[in-house]
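Undergrad: Listed below, chain by chain, are the residues.
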Amino acid sequence: MNVVSRDIKNAFRSPMRSGAIILMLAISIGLILSMLVARTSVNSKIDEVKSKTGINITISPAGVMGFSGGGNALTSDQLATIVKTVHVASTSATLSDQMSTSDTNLTASLELGNFGARQMRFESASSATTNGGSTATSNATSADSIDTRPAPTPRTTVTGTTNPNSISTDGSDLTLTSGATIDGNSSALIALVGSDLVAKNNLTVGSTFTAYEKTITVKGIFKTGNKFQDSGIIMPLATAQTLTSQTGAVSSVTATVDSSDNVSAVITSLKTALSDKADITSQAEVAAASVSSLQSISSLALAGVIGATVAGAVIVLLAMVMIVRERRHKIGVIKAIGGTNRKVIGQFVTEALTLTVIGAIVGLALGVLVSGPMTNSLVSSSQSNTSYSTSTTRGGMGGEMARGFNRIGSNFTQVTSSITPQVFIIAIGITLVIAVIGSAVPAWFIARIRPAEVLRSE
Amino acid sequence: MLTVKNLTKSFTDASGVVTALKDVSLTVKTGEFASIIGKSGSGKSTLLSMLGALDIPTSGSIEVDGVDIAKLSASQQTAYRAKKIGFVFQYYNLIPNLTALENVTLALEFGGMPASKRKARAEQLLDSVGLTAKEQLRKPSRLSGGQQQRVSIARALANQPAIVLADEPTGNLDSETGKKIFDLLHKLSRSENTTILAVTHDMDIAGKTDRTFKLKDGKIVA
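Chains C and P are the protein sequences, given in the same order.
Just so we're aligned, residue 0 is where the first sequence starts under numbering that gives the first Met the number 0, counting upward by one.
Just so we're aligned, residue 0 is where the second sequence starts under numbering that gives the first Met the number 0, counting upward by one.
Bound-form chain C, shown alone (with noise of 0.2 Å):
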């Protein structure tokens, strides 16, 4: 008989005692496969939400948002402060301010429809007052107020940048139709010109328009599609904070960080340092907060496969420490009539790699059954608590940054498992190491028995 063969076919001597071993194994060895994928398919999750949520953050004076909102613009030393602060790798800033007909030669290319007329409706009834000395008016409904003001008029937005880009609504670099971009550092009289405003106004490259009484130069056209960015300026930053009298004011900053591991500390160093000055907002911090529930159960399944392996590596090693117990005096014999050591180990380990392989083969195929539900499982009851935290922090977001929550949110209920040959590889070789730990100390065992045991328990 074939030495292996007949040492696997030690293996199932006892075939209750097999079964159970194997049954157990089975068990062991599927929850190691269904942790390990459920644990491969949230960490690829995770990966993909934070790559999703970027590594901007943006800072904004303290309860200013857009043109919303009211308080003190950021100042040069904050905006010192941010570039210095460690993994921060590049910044730009802005200053956006708003033309009326006062300001500026050019006709804006924005209708104010119902939503710009509300919008402007408080600084409208402010002129109302003024130049018709009385208060009257502000006590009045909102609908008689409306009929009874000037019509507001439209206004064309400026904005100041160190880079121009940044105005791009899709992250690219910004898509000019004719001439060149512009120094966002320098401070002369230059300007890029959204297409509407341009097609308004009948502007090309080289034309001038008149703004806060300067002569401004169009060196390009851009166009993003944004019906509300293509009717708007952009000017240096410089150029803007000097124009319109505000030097050194910045009204937004988006500060790029070296790595996306490392937003998380550099919002932590900028809020120390810029303290209640500024509102901080990244998408990757409130992704951070989102997958944190992701991350335990990703934690959980790490310790389920620890657990799992600890469970199956006993199982073995007291298995096999029980059969060694029981064929002490076979093995006495088998030394005695020239058997050695290694030929016994190998004779053991042979065994408990038959135990462990037919086990791992069952395990393996419960976990492949297994492992989908388990991580849906796993994923859906975590789900209401991520649907929670969307939802909370949604109120008080701009609607971009809403939308971007939003689809982050939605990316939790798609965690799909899935078993890549690199899981099967890992649960293979997790079962290897059960089986030589298994198998490890009763060879130690086998190793201490001495052949002349057989003859005393004659």
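Wrong hints could be hidden among the right ones.
Unchecked claim - With a straight-line Cα cutoff of 27 Å, these simulated BS3-like cross-link-like pairs (lysine-lysine) come out:
#	chain 1	residue 1	chain 2	residue 2
1	C	8	P	116
2	C	83	C	342
3	C	44	P	38
4	P	70	C	342
5	P	70	P	133
6	C	8	P	138
7	C	8	P	118
8	P	138	C	342
9	P	4	C	329
10	P	4	C	342
11	C	329	P	82
12	P	38	C	8
13	C	342	P	213
14	C	342	P	118
15	P	70	P	4
16	C	329	P	116
17	P	116	P	82
18	C	329	P	133
19	C	329	P	138
20	P	82	P	70
21	C	342	P	116
FYI, nobody ran anything at the bench for these hints, they're computed from the structure.
From a predicted model like this one, the values you see are computed outputs, not experimental measurements.
Please arrange chain P on chain C, whose structure you already have, making use of the hints.
TA: Relative to the frame of chain C, chain P by itself:
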């Protein structure tokens, strides 16, 4: 030729140092059938353990064909047991999950015989001790005591050892079967020219061997 000189074996147990063998010296020629007799605790099994390299003597030497087995390393002793020694035990000590044929084949495997030749050699050995082809394929639990001891003898002779050490080979058999087993051993010692050293309580059997050594309190007394 087996030469034992001044062999002493001491153990330490709870009561202190116990000397199981005291200055034992004996010589057995090649092909001789010798017996060792003595009461329980006289040191017979301890002597057999030393001769079979199952245990290491405290002092003295055991030379088999000029080689002192007491000075061999653990791996050399294993090789010595596999090739130079054959054991026949009172309770047969066959591997229960292997057939009679496989039990003999296992000894041939340890002795280093090529796999292709083992089966034929095992069949020939079992045939020579009187086991039919059908009986050779049975596991020990389906063989009688006498048949199991025959398998044990075939296993002991598998690698053509220099010495066969038999520990009470007939002690677990009825007198008629015991006599047959003894006759078999005697015949084999002659046909194979193998030295046989058997421990026994049976004075009739001891009387039929070529030489008899009597052990008393760890010493050879006759």
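Undergrad: For every hint, state whether the structure bears it out.
TA: To see whether the hints hold, each was checked on the structure:
1. C:8 x P:116: Given pair residue 8 of chain C, residue 116 of chain P holds - Cα atoms ~22 Å apart, limit 27 Å.
2. C:83 x C:342: It is violated: about 68 Å lies between the C-alpha atoms, which goes past 27 Å.
3. C:44 x P:38: 80 Å, violated
4. P:70 x C:342: 23 Å, holds
5. P:70 x P:133: 44 Å, violated
6. C:8 x P:138: 14 Å, holds
7. C:8 x P:118: 19 Å, holds
8. P:138 x C:342: Measuring from Cα to Cα gives roughly 22 Å; hence the hint holds.
9. P:4 x C:329: Violated: residue 4 of chain P and residue 329 of chain C sit about 32 Å apart, past 27 Å.
10. P:4 x C:342: At roughly 33 Å apart (the allowed maximum being 27 Å), residue 342 of chain C and residue 4 of chain P break the hint.
11. C:329 x P:82: Judged against 27 Å, a Cα distance of about 20 Å means the pair holds.
12. P:38 x C:8: 42 Å, violated
13. C:342 x P:213: Judged against 27 Å, a Cα distance of about 38 Å means the pair is violated.
14. C:342 x P:118: It holds: about 20 Å lies between the C-alpha atoms, which stays within 27 Å.
15. P:70 x P:4: Holds, at about 13 Å.
16. C:329 x P:116: 25 Å, holds
17. P:116 x P:82: Satisfied, since the Cα-Cα distance of roughly 16 Å is no more than 27 Å.
18. C:329 x P:133: Distance ~25 Å between residue 329 of chain C and residue 133 of chain P Cα, so the pair holds.
19. C:329 x P:138: Holds. Residue 329 of chain C to residue 138 of chain P sits at ~15 Å (cutoff 27 Å).
20. P:82 x P:70: 17 Å, holds
21. C:342 x P:116: Given pair residue 342 of chain C, residue 116 of chain P holds - Cα atoms ~20 Å apart, limit 27 Å.
Going down the numbered hints, you'll see the structure goes against 2, 3, 5, 9, 10, 12 and 13, while the others check out.
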